[in-house]
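Visitor: These protein sequence lines map, in sequence, to chains A and B. As numbered in my numbering, residues 1 to 225 make up the first sequence, in order. As numbered in my numbering, residues 1 to 225 make up the second sequence, in order.
The set of hints was computed from the structure by calculation and includes no laboratory data. Just so you know, even glycine gets a beta-carbon here, dropped at the ideal spot from N, CA and C. You may find that some hints are simply not true.
Simulated pairs of lysine to any residue, SDA-like, Cα-Cα distance not exceeding 25 Å [what the hints assert, rightly or not]:
1) 60(A) - 70(B)
2) 60(B) - 207(A)
3) 150(B) - 60(A)
4) 150(B) - 113(B)
5) 63(B) - 207(A)
Partial chain B-side listing against chain A, Cβ under 10 Å, derived [as the list claims (entries may be wrong)]:
6) 57
7) 61
8) 83
9) 87
10) 137
11) 141
12) 150
Number of protein chains: 2
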Amino acid sequence: MAGAAVVLLSGGLDSATTLAWARREGHACHCLSVDYGQRHRAELDAAARIAVKLGAAAHKVIKLDLAAIGGSALTDASIQLPTGGVQPGIPVTYVPARNTILLSLALGWAEVVGARHIFVGANAVDYSGYPDCRPEYLRAFQSMANLATKAAIEGRGIEVCGPLVAMSKADIIRLAIELGVDPSTTVTCYQPDAAGRACGVCDACRLRKDGFAAAGIADTTRYAQ
Amino acid sequence: MAGAAVVLLSGGLDSATTLAWARREGHACHCLSVDYGQRHRAELDAAARIAVKLGAAAHKVIKLDLAAIGGSALTDASIQLPTGGVQPGIPVTYVPARNTILLSLALGWAEVVGARHIFVGANAVDYSGYPDCRPEYLRAFQSMANLATKAAIEGRGIEVCGPLVAMSKADIIRLAIELGVDPSTTVTCYQPDAAGRACGVCDACRLRKDGFAAAGIADTTRYAQ
Numbered sequence: 001m002a003g004a005a006v007v008l009l010s011g012g013l014d015s016a017t018t019l020a021w022a023r024r025e026g027h028a029c030h031c032l033s034v035d036y037g038q039r040h041r042a043e044l045d046a047a048a049r050i051a052v053k054l055g056a057a058a059h060k061v062i063k064l065d066l067a068a069i070g071g072s073a074l075t076d077a078s079i080q081l082p083t084g085g086v087q088p089g090i091p092v093t094y095v096p097a098r099n100t101i102l103l104s105l106a107l108g109w110a111e112v113v114g115a116r117h118i119f120v121g122a123n124a125v126d127y128s129g130y131p132d133c134r135p136e137y138l139r140a141f142q143s144m145a146n147l148a149t150k151a152a153i154e155g156r157g158i159e160v161c162g163p164l165v166a167m168s169k170a171d172i173i174r175l176a177i178e179l180g181v182d183p184s185t186t187v188t189c190y191q192p193d194a195a196g197r198a199c200g201v202c203d204a205c206r207l208r209k210d211g212f213a214a215a216g217i218a219d220t221t222r223y224a225q
Numbered sequence: 001m002a003g004a005a006v007v008l009l010s011g012g013l014d015s016a017t018t019l020a021w022a023r024r025e026g027h028a029c030h031c032l033s034v035d036y037g038q039r040h041r042a043e044l045d046a047a048a049r050i051a052v053k054l055g056a057a058a059h060k061v062i063k064l065d066l067a068a069i070g071g072s073a074l075t076d077a078s079i080q081l082p083t084g085g086v087q088p089g090i091p092v093t094y095v096p097a098r099n100t101i102l103l104s105l106a107l108g109w110a111e112v113v114g115a116r117h118i119f120v121g122a123n124a125v126d127y128s129g130y131p132d133c134r135p136e137y138l139r140a141f142q143s144m145a146n147l148a149t150k151a152a153i154e155g156r157g158i159e160v161c162g163p164l165v166a167m168s169k170a171d172i173i174r175l176a177i178e179l180g181v182d183p184s185t186t187v188t189c190y191q192p193d194a195a196g197r198a199c200g201v202c203d204a205c206r207l208r209k210d211g212f213a214a215a216g217i218a219d220t221t222r223y224a225q
């Protein structure tokens with residue numbers, strides 16, 4: 001038995017695949033979603049369904065008003081979402097310190113449930129240029145975490161696992177299918193419409209579309225365009 | 001000009017003194033308080049008054065439901081607060097990963113306002129045994145933070161400053177007075193009563209009382225006992 005793990009679950013394809021990976025490793029998965037003032041709730045609804053479908057031991061949604069900090073098109077409605085194609089550099093959808101904040105909450109819950117592993121679907125390849133998705137960042141978070149908690153200083157260290165960190169989107173899609181994740185149940189789009197259809201033109205949609213094409217797998221996502 | 005800084009401000013004596021320290025260094029201080037489901041609001045009310053009094057550039061309160069994670073007497077009303085005296089080891093008032101979560105939020109805001117410094121009133125001496133108040137922890141957080149943000153990878157690194165980390169409570173009290181902080185405006189107690197009086201018997205009250213005695217300074221805190 002691999003023991004308890006906390007899995008950050010956004011409801012997107014990457015985090016769903018990460019959950020399936022942790023389940024295959026035999027972890028009792030405590031899934032954490034954060035309602036941080038996203039533009040839409042479709043992701044969180046998807047997370048709840050995915051947690052059940054993939055046999056999570058628990059699923060918790062924590063509310064945190066990141067919009068109060070601002071600085072991102074994902075939490076600030078006054079910033080326009082780019083839809084013209086993925087550009088080089090760090091985009092306006094970058095949420096300041098998001099993965100650090102999410103991993104910190106996961107660390108707190110990991111200590112409460114006695115988990116020795118935290119799983120996160122960070123990906124440094126088709127990653128839209130987010131600094132907190134790189135392997136060196138995840139390693140630094142783990143080092144810090146192992147000084148931060150009562151559990152760690154009592155000898156129950158924490159491992160931060162990013163199984164997708166070096167994979168291409170195409171590889172992630174292949175892995176998702178292999179692990180029994182139905183991609184059509186996941187929400188990647190930054191701005192789905194009221195009918196739950198993906199916009200098809202934001203960076204997240206473009207990376208997803210390209211990934212399916214590169215993997216040679218039919219994309220069953222419902223796109224508005 | 002020392003530039004913008006984010007200061008974690010709980011409303012207690014240590015964080016108020018830290019704010020005064022950062023102000024003396026010439027920083028434009030953006031004070032961050034987190035409404036994390038504490039047992040009482042007296043601390044947050046004190047934080048708001050202290051921010052104004054010490055000339056903060058801004059004060060923000062972010063809501064975060066840490067009680068959803070549980071695991072601490074400070075956020076879980078079903079866990080009894082110890083009042084019999086400070087014991088060795090890590091007490092039940094330890095909030096899992098609290099400083100990591102608070103510093104992460106500070107990191108996000110620091111990036112938005114362009115701050116290069118984060119100040120925290122962590123103290124490793126009379127610290128009640130919290131692992132995330134030690135200097136090696138603060139250094140590890142800083143290392144992680146410098147890989148985490150867009151600002152950091154673009155060359156605008158962050159410094160995590162814990163000016164009180166190696167000071168005794170008596171030294172902190174002397175410094176507070178020197179910097180013009182009125183200790184009676186700060187709230188340290190874990191469970192003040194409805195009239196705003198400190199309980200006098202929780203660990204935080206005991207450490208504060210001992211600190212005033214050791215500093216040879218009259219303790220003007222209103223205690224219920």
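Visitor: Failing hints, ascending?
Guide: Numbers 2, 3, 5, 6, 8 and 9, in rising order.
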